[in-house]
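A.B. asks: The primary structure of each chain is shown beneath.
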Amino acid sequence: MFQSIRSSIHSQLSTIRITSYRNIGYLHRGERIRGLIRDESEYLLNPNGLKYNLESILPLKQYLSTLLENKSQINDELLLQISTHKSFAHGSKPFNEKLAIYGGHFLKYKTSLFAIQTGGIDSLGSKTSKDLISRKVLAEFIRKNELNQGIYWKKRDQLLTDSSINGEDSVFATVLEALIGGLLLNKGKLITEKFINERLLNETDPNSLINIAKNIK
Amino acid sequence: MQSIIKSSSSSSSSVTFIRIRQFSTSSTLFNNLSNSNKTIVSEEDASKSAPLVALHKRLNLPNDYKLGTLTRALTCRSSRGNLANNYGLNILGKNFLSYYVNEYLLSKYPRLPLPVLNTAVSSYISTESLHNVGKYSWGIEIDETPILNKILNEEPKEYSLGKLRFLPINQIEETGITKLTSKSKDEINSSSAYALGVRSIIGGLYISTQSEDLTKKFIYDHIISRKLDLSKMFEFEQPTRELSRLCKREGLTKPIAKLLVENGRLSDKPIYVVGVFSGEEKLGESYGSSLNEAKIRASVNALKNWYLYKPLNNSVPSDKDYKPSIIDHGIVIV
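Protein chains in written order, with full-length UniProt numbering: chain A, 1 to 217; chain B, 1 to 334.
If we strip away everything but chain A, and leave its shape as in the complex, we get (with noise of 0.2 Å):
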């Protein structure tokens, strides 16, 4: 019985068919009007002004240029997730969170197999192999590499300037986080320990987490 009920309201459902698009849309620019959607490209903007495009990650992309040497790049739309928090745009535009979260792990399980090598078992859990990947040491390392530009989010809190209160910290880490869990998806372990050796654990780079940590205190 429902089979056949089921039958005619498709047979129904296919011969009325109601469509009304909106084809005419506006977009304000300029102050505020209520009712009125606002164009994007006007309020969409990073803490430093810079408007949400693919120009900006051009320092991104050229850092991993080198890395990535003549195999193919990370598209461009990847990169721009990478640099975008949860916190802008309340969340509508492709952002890092679960990225950040896969890539902050696989940076917890290098750094303790580094530690390992270089100190044994027992130097996992102390300070220094803590210290490595803190927050603060991770944020560091994005402003050092100046990848600090082109980075997408919202200050809680316009007037507080302390980059450990503001949540600068936290989201530049969020994103170093983000770049590699990035690269694990798109190009696999391999590259991505490559990354991790040549760029974060490398104690001849000046830049390096290594280096950052022991000049933090």
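Hints are supplied without guarantee of correctness; some may be wrong.
Unchecked claim - Now the stretches of chain A that chain B is said to cover, found in silico as 3 or more residues with beta-carbon under 8 Å: (1) 48-62; (2) 77-90; (3) 97-108; (4) 185-195.
It is worth saying that the hints were derived from the structure and are not from the lab.
C-beta: ideal position from N, C-alpha, C; glycine also.
On the provided structure of chain A, position chain B as indicated by the hints.
C.D. replies: Chain B alone, transformed into the frame defined by chain A:
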């Protein structure tokens, strides 16, 4: 051979320990802590413990996995004595577990919302789950015989090396005795101790074999192989609204609920079947005893279809033949 017989026949003779420094090489970057002056049990003594050898065989651990390391994995930091403890092994095992379980879930269900992902991860590797693995699946025993009984039973000292050793929370209350000291911070309950043991055994596997692949396989065999139903972990507050936000974000036509089938509208037990459509595409379908209920259920069904999407290729980034699949844009914020 003679020496083994000698020491086992005289149960009171003390266990011989040798000081091994294999885990702590000198380093400039990391300063060594707690375990540097602790002793690691020799293979000869460890091999006399029947529970230890049995556990090693039962878990099918490779020969590189020394019995001394297994003893260490079962010795929690709070246990008495001067044996090297599992503090570092536990941290290593935890890092291995959280990475591989997260990787597995994210590759299998790339669109899983974070709260569901966290619940799923903890149902694999929370203290309670690992306690179950250690106690009921691996059959690790706790060393709870009082020392006096051990002496009276003439139990060889090595015997307890194969059991889980920790300082338990003392819950025994006796009438007339008031406990004045507060709970020591080293006291842990047995489920935490089991979890420490399981994590440390995994950490010990990497230390012994230096092979990430073997450790990964061990985690897949013993932890990830457990069955888990993710579709029951979802809870939506405003499913219809969330679905319409999702369609907007993904550039799909606005979702519309359509009544597909109904029966007994005028009875006290009506039933409606509603489908949610975006343009021509059906996103989800479900039933309900009122139109509204059916619509909400259909939206939940549509959202679950979206969030529980499984890609066809099932490789994870740490596989050698990994092929990238989709990268999720994040959950929908209503």
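A.B. asks: Would you say the region 185-195 of chain A counts as covered by chain B, given the rule of at least 3 residues with C-beta under 8 Å?
C.D. replies: holds (count 6)
A.B. asks: Residue count check for the region 77-90 of chain A against chain B: does it reach three with CB-CB under 8 Å?
C.D. replies: holds (count 4)
A.B. asks: At a Cβ distance under 8 Å, does chain B reach at least three residues of the region 97-108 of chain A?
C.D. replies: Holds: 8 residues of the region 97-108 of chain A have a Cβ under 8 Å from chain B.
A.B. asks: Quick check: do three or more residues in the region 48-62 of chain A have a beta carbon closer than 8 Å to a beta carbon of chain B?
C.D. replies: Our answer is that it is violated, as 0 residues pass the Cβ test (under 8 Å) against chain B, missing three.
Checked against the numbered hints listed earlier, the structure breaks hint 1 alone; every other hint is satisfied.
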